[in-house]
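As a plain string of letters, each chain reads:
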Amino acid sequence: MKNNKLKILTNGIIRENPVLVLVLGTCPTLAISTQAINGLGMGISVLVVLTCSNIMISALKRIIPDTVRIPCYIVVIATFVTMVQLVLKAFVPALDKALGVYIPLIVVNCIILGRAEAFASKNSVVDSMLDGIGMGLGYMLTATVMACIRELLGNGTIFGKVITAGTITPFTIMIMAPGGFFVFGVLIAVVNKLTKGKVAEKCQNKCLGCPGAAFCSEVQKEGGEEA
Amino acid sequence: MADRHTDLIVASAPHVVAPADTARIMRDVVIALIPALAVSTYVFGARALLLTAVCAVFSVFFEWVTRKILKRSNTIGDWSAVVTGVILAFNLPVGIPLWMAVIGCFIAIVVVKQLFGGLGQNFANPAIVGRIALFIGFAGPMANWAITPRMSQAILSVAEQDAITGATPLAISAAGGTVPTNLEMFLGLINGSMGEISAAALLLGGIYLIVRKVISPAIPVAFLGTVAVLSLVFGLDPIFQLCAGGVMLGAIFMATDYVTSPITTPGRIIFGIGCGIFTMLIRVYASYPEGVSFAILLMNILTPHIDRLTRRKVFKPAEGGAK
Amino acid sequence: MGLSRHLKGVHVKHSKNTAGMPIIPMPVPERVYIPMVQHIGAPCTPVVKVGDTVKVGQLIGNSDQRISAPVHSSVSGTVEAITQGMTQYGRVDTSVVIKSDGKQELLDTVLPPEINSLEDFVKAVRNSGIVGLGGAGFPMSGKVNIKPGEVDVLVINGAECEPYITVDHAVMLSYTQDIIDGIRAVMKWLEIPQCHIGIESNKPDAIARFNELLAGDPAIKVHTLRQIYPQGAERVIIYETTGRIVSYGMIPWNVGCIVMNVTSVMKLQHFLRTGLPMVSRCMTVDGNVVLHPQNVDVPIGTPISDVLEFCGLKEEPKKILLGGPMMGRAVPRDDFAIVKANNAILCFNEAFAQQRKETACINCGRCVAGCPMGLMPAKISRAFKDKDIEALKELNVLYCMDCGSCSYSCPARKQLNFEIKQAKALVMEAKK
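Chains as they are written, first to last, in this note's numbering: chain A, 2 to 228; chain B, 3 to 325; chain C, 13 to 444.
Don't read these hints as lab results, they were simulated from the structure. In this text the structure is predicted, and so the values were computed from the model without any measurement. Zero decoy hints are in this set.
The calculated DSS-like cross-link candidates involving lysine-lysine, where the alpha carbons are at most 25 Å apart (straight line), are:
1. A:K6 <-> A:K62
2. A:K197 <-> B:K70
3. A:K123 <-> A:K8
4. B:K315 <-> C:K405
5. C:K426 <-> C:K330
6. C:K433 <-> C:K444
7. B:K318 <-> C:K444
8. B:K73 <-> C:K397
Just chain A, with the same shape it has in the complex (with noise of 0.2 Å):
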């Protein structure tokens, strides 16, 4: 049993990392990731909101009626969001400026909704959380390991230190959106790995994770209830 808590915290950090393995919310991930710090807060953030919601929504599983559980997912999420975004305004602003539209749109963000989806609303609060401290690990990582590289690769810092200016000519391209991209799919690629490809194999359901899997006929045929 504590064994199984355990996994369900630790599954989303390598083994069902919410960017690299399901493949969620890599718009924002790819946009932010330029700067380290950023990465780390954005990743901060997602954390809280979706540690937050996942709590919530698990909470309210039986009040929230089934037809109209996702304007009610959102308007969870929305009020976590506005919290975060708030304390970002009152005591990193310069994080909130760099970070802009990206904030609000963590309300819908597809690793939030997709886990309220998929985990919170079938399981208790407890799991849940670990649910969302896990996942929202995942994405902090993620996250923080890309800006990293980028930031080092295509500006010769790391969270504004410099470290190779002087000695090597900074790869500009890399805090582009190629770069982005280039560091994306090489991260898959190494989490594939280091997983080796078990976990593509095991999430056949994975669009479960989807938002819109609710709707969608294919995950009904299959029964969704094993996620």
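Assemble the complex: chain A is given as a structure, and chains B and C must be docked to it using the hints.
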């Protein structure tokens, strides 16, 4: 009764093949690039040779390593990596740090070619993507047209002092300066990327390729023709536009890359015209002085669609004309 | 509208080492193994029994089906056995084994046929046992069985575009008058007003001979064809000489044409003159291990090994082809019997026969530029790999006539023709 011959080799017809195989074709391309390399060495000095050698060696090395890691058959024998390396080198300024050139080789061979499945599977010309990645990533060094000692000798002896401003003719032209004469442009006694300077040498290589039936003239003729016509339309000197920048190198050696250009002659003509139009549009209207590589990259991406639109007519009676 | 005046093709090295050589008759073999299927169409049933004595020209197999050709003994001797065994086509067929007595006595009923009408002519053609001698083996009686007026052009195929083979060339030089007489007989009885003879430009002496002997006959025109493979393919030669299009699913008759090979016409004329049916055929024996490359006249049913023994071998052959190197078939053993449709035996050593390593397609377009039928073999190959039947249909794969130009010209050494053959089978199966 005669001796019995059993266990003979049975194979599907035809039992003879044309002499040209992939390796021979690629070797021909390398041979065709030699005149341009000779001119570049004359103008820029030994560093041109060094840059070419580094690019060729590292392209082959990256190809070998990637195939090894991916546990695929070894393909360095087909010479295609050499061609990519040499063409990439031709697209770089001669003074670029060598490690940057190696990064370009990595992008060309590993990212664009091998990760998409190797020879024949890449959607865009590896050398062009390598060049563009370097061009965007290392904007400074890639636009550093510093004059080498050898160069000042080679050019000063022929050209006027005006030509030696440490910039390419297209950049000079964009800035409104005095450009070299057309003869100097044609011969290649100008500044520019290492291999693109001499239109004459590149044309010589192109003629060799056409005579050896390695490339069909469709793409180069359509490309160069469009550039010439559009130059007149925009009121520019067509000879200057044809000899400046990478048009000759692009039209003869990069746009004609089999893998990323259409398979039929009408398709190749459309492809060539498209390259010419985009090149001139970028030169005239965009903020970059040169647009050949972007033009070819754009047309590379359109190639599958052009292929679909230009299927060959199958051998059957015309509609309604059947007897 | 659309199609160019000439069809595409590939330039293949001619290697016509035996050009200008006369046709030498081969000594009578010890035994002949005469297969009952030597043609496209219904198999024949043996009409002789073991122990029977037969003479040259005697009927030994026949069929009452419409598309078939009777089989005659090529030697005089005794029927030793009637066997079931694999023939060169890779099928198990009946063969009549005849032990030769070496006398080559002619059957006394062999007399020139008496022809007074079209019916007589068609019957005579049937009795001659002649099939298309260019390699396809379609019974000639099936071609001429028409109503007068249905066909207005006779196309005579003297292109001989396959490398190595020179036997049609030799026939055209040695039997020019016979060919012309044969053409005139066909035109007379089938009421065909005009004839086109197509000869590749690498045989100027044959073209000159015809022009000399025809002496300006307005009904028979000699066309000089370009030296480009596959000029001798039926569809191609019809298009090049008459401009008519025989597309997929059509036969020459659909566009008012009959195509005959020069050797077939020569054999027909010999039958009309002497009454001796098809008991031997001339063929080219060549290849880089053959000691004396030459054109020989071989009795039908002679094993390949006997022919090779006659011509001599420099070294052990590793690949033996029946027919030319572009479309001929490689046989696994050399004990198969020669049939009417074989126009060449080519033997090659190991270096030549070695399979070339296939590499990735580089999209060079040589296969597309060389396809006479206007197909895109590189795309077909890709669609075949995906087993995409819809795409294969869209690419008109069934129009392929297996000329092999695509495989020949492929720098990646891909066996495009082989893939297309399988793709065609795939599409045909899906149609059922």
